[in-house]
Amino acid sequence: MTILLVVDLTPGPASMPPLDPLDLSAWARGLACDSAGAGPERDAGRPEPTVVCVSYRPGGMAHQEAGVPVAPNPLAPSDGRCRTVRLGPSGGNPEGVFGPAAAMAAAAAWLLEQDGDAGPTLAIHLTRGDGAAEAGIERAAGALRVALDLRAAPGWLCHLLLTETLRVPLGAAAGGFEGATAAESAAARSLYRMSSPSGAEGPQSAASVEPRLSSFSGARCFEAAPDFASSDTARFAASWVAGAATAAPAENPLVQTSVFLLPKEGEVFLDCQDVISSWHGGRLVMLSDGAGTASYSAEWARALCRRAGGHPPPCLDPGVLSGDPPAEQLKRWLAQAVADWEPEVPWERLTRPATYNKARAGSGATLAGVEFTGSDPAAGAGFRAWALGDSCVIQIRAGALLCSLPISDPGEFGYEPKLLMTRPGYEEKYAVAWRDWRGALEPGDWLLLATDALAEHLLRACTTNPLAGGDALPVILADLAGLSTPAAAGRFSAYVAAQRAAGTLRNDDVALAVCRLRGP
Amino acid sequence: MPGTYQQQISASKNLPGCLLMLLDQSASMGEEYGADKRTKAVAAARAVNTALEEIVDQCTSGESVRNYFHVGVIGYGGAAARELLTGGTAPAGLLTSGELEARAQIEEIEKEEDDGTGKLKVERRSKWFGPVAEGGTPMEDAFRMAAEKLKVWVAAFPNSFPPIILNISDGEPNRPPEAEAAARALRQIGTSDGAALLFNCHISASGSAPIKYPTSDLALPDAHAQWLFQISDEIPESMLKKARDARLEVVQGSRGFVYNAAAGQLVKFLRIGTVVSASSFDR
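Chains A and B, in that order, give the protein sequences.
So in our numbering, spot 196 of the first sequence is number 196, and the numbers just go up one at a time.
So in our numbering, spot 219 of the second sequence is number 1219, and the numbers just go up one at a time.
These aren't lab readings, by the way, just hints derived from the structure by calculation.
Hints should not be assumed to be uniformly reliable.
[Unchecked claim] A short, non-exhaustive set of chain B residues, derived as facing chain A with CB atoms under 10 angstroms:
(1) 1010
(2) 1011
(3) 1012
(4) 1056
(5) 1062
(6) 1065
(7) 1067
(8) 1079
(9) 1082
(10) 1086
(11) 1123
(12) 1208
(13) 1212
(14) 1249
[To be verified] Below, a sample of chain B positions facing chain A; criterion: calculated Cβ distance under 7 angstroms:
(15) 1008
(16) 1125
(17) 1242
Beta carbons are placed, not taken as given, at the ideal position from N, Cα and C, and that holds for glycine.
Construct all of the structure, not just a fragment, from the sequences and the given hints.
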């Protein structure tokens, strides 16, 4: 288990002792050990938790002015068990801004570099609140949540606001910040929004770890208190992450799935509006592409994936359809995703017509997913797939296209795909456009989930003469075959860069899941 | 200058787009226009505001307005052309989309809709310009001023998508031959991706039915419209697909010209990403 601390070193009032990264690291290690159980269970060969600390001070040069040493390598270990990251003015921060956004972006970058090695991870941001309204902090926190969600292991982001006057206990709902000053209230709202939902669905529900939360549906992993050491939220979050890791089902024995996500060339993960995730040991894989010209699209795409991960969409396959009409079933299913998205929008800060009207207009995102069935290697794997929009599920057999839905013609991709929207009233249209089908994955088959740019690229390759050159399907599949290697992320990144440079892949965010039957 | 017009407009790759709007503010714009008896100047100001609002909307994401575009507005009326938006940080003093948004005045419009408390719903909109109608029509001066600005801009962004000039006028320049020559010179400025594109929105007092993106001037009702059609560029192939996706009635050979129709539509060609549209289900 990894605990990733993001620590605001701003001095608080005299009555509150300064935060020391090494003290915090010891506390975090204690959290991780306690959550792993007591006594013999903890000592039974369980690996030592990793604690990584990124510290910052809003206002930039404070470290040097205060004479605090700045590690030349921001990720250099400071003792054998705790790695302390201190960002200096040049610590991976091109704009010279040194605050919580940069620190959270650095934490996200560190996590992505681990390539899955960090295991179940709890990120805890401890702050006095001064930088909570800093420009870019919510995007950076969003990137950190993307980095946490991208791995197969569970991951959460928890915010602790350290203040003498404001008390917000674990499980409080948004807006319950009475008695706070305007600045505290603004900080609390912002940090609350950036925290992982504590009611998150997963292998083990939050309510089963912390029964109090069963009555706080949608509450966040946020707490405001004077003291971090007695934080209920941190303890609960650590036990949830550890518990979720313990209860996580074993990897899908039949199907091996690799997932990849890359932002547009020239952009960073903070800007990425594609989301991809794998649930239940790879039995459920889905991706979503948030509309680039709408506001809060990445948030909507994440809400859809969380919803689909916890409760796959209703089965609308005409052959097995039962119960209410499809539109009604979809309406109910989407309502929870919309309820999950709405608190992500900082309405109180959208004071200009341009930003407010844009957010009011709502967002849209595609959704495509696959749910694998079967556990007997001799019987092979079946699957149910569903999709709406221009994110595609593509099945390739014997080097040729077997099926691609919802789009099979590369000429059909455009700028106005069908999207699931945050605004209600389109359920009848969704029901018509929704694709829901079942299939079987045979040895040698490729099942690919891809957002539009890569789906178009793959489908174009399917119609290209195999002898025509480098963009033919067999060549692409040969490249993709290497994605099961340890250096998969690097290979995928190189492949995408090469295709973009050659003009055979549009410069768009790219999400890809590669699913194949495991070998004998 | 042949071009592919394929370059992607990108803030992160330092490949911004450029939109220069030219607004006719001459005395003839004070004539009444359309069934509701508003003046052509009111319609022209609305057209500019709508187009600018569309640009800002495209660039808005969350709490920020990303700098996908550099924008300028030149007015022409009286004796000479003059800049209506100045002091931006982009080359030639153009405004970034973020600066453009920051310059907007906020206009509150009551809608015929209950806000839930028994009052009329109030919608807040961005607005930059009001109507002006005075003096002659120094359109050639506006074209020359635009050319000087664009020369500076393309030198700074030689590989960007070519600039687009959107001229909103009733098509009655002081000196048509000079205006035509200045337009020709303006359209020769370009980037590695193609020559600048001059699109025109003709506001006519004739009250004739709207005509959008024609391929010839045969159906246009007067000489002013025909003249503006002649100085309008053909919509490049790469933009036709975006225009069709936006359900604009374009065909191969369509010119960037509308007659008595909304100018805001002309900037829909500049779409920069996936668009949320309920009508996508109707295709």
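Evaluation of the provided hints:
1. 1010: holds, 6 angstroms
2. 1011: holds, 9 angstroms
3. 1012: Hint on residue 1012/B: holds, closest Cβ of chain A at ~4 angstroms, below 10 angstroms.
4. 1056: This interface hint holds because 5 angstroms falls under the 10 angstroms limit.
5. 1062: Holds, about 5 angstroms.
6. 1065: Hint holds; residue 1065/B Cβ to chain A Cβ min 6 angstroms, cut 10 angstroms.
7. 1067: Residue 1067/B check fails; min Cβ-Cβ to chain A is 13 angstroms, beyond 10 angstroms.
8. 1079: violated, 35 angstroms
9. 1082: violated, 26 angstroms
10. 1086: Residue 1086/B check fails; min Cβ-Cβ to chain A is 21 angstroms, beyond 10 angstroms.
11. 1123: Residue 1123/B check passes; min Cβ-Cβ to chain A is 8 angstroms, inside 10 angstroms.
12. 1208: violated, 31 angstroms
13. 1212: violated, 19 angstroms
14. 1249: Violated, about 16 angstroms.
15. 1008: At 6 angstroms from the nearest chain A Cβ, residue 1008/B passes the 7 angstroms test, so the hint holds.
16. 1125: holds, 6 angstroms
17. 1242: holds, 6 angstroms
In terms of the numbered hints stated before, the structure departs from hints 7, 8, 9, 10, 12, 13 and 14, listed from lowest to highest.
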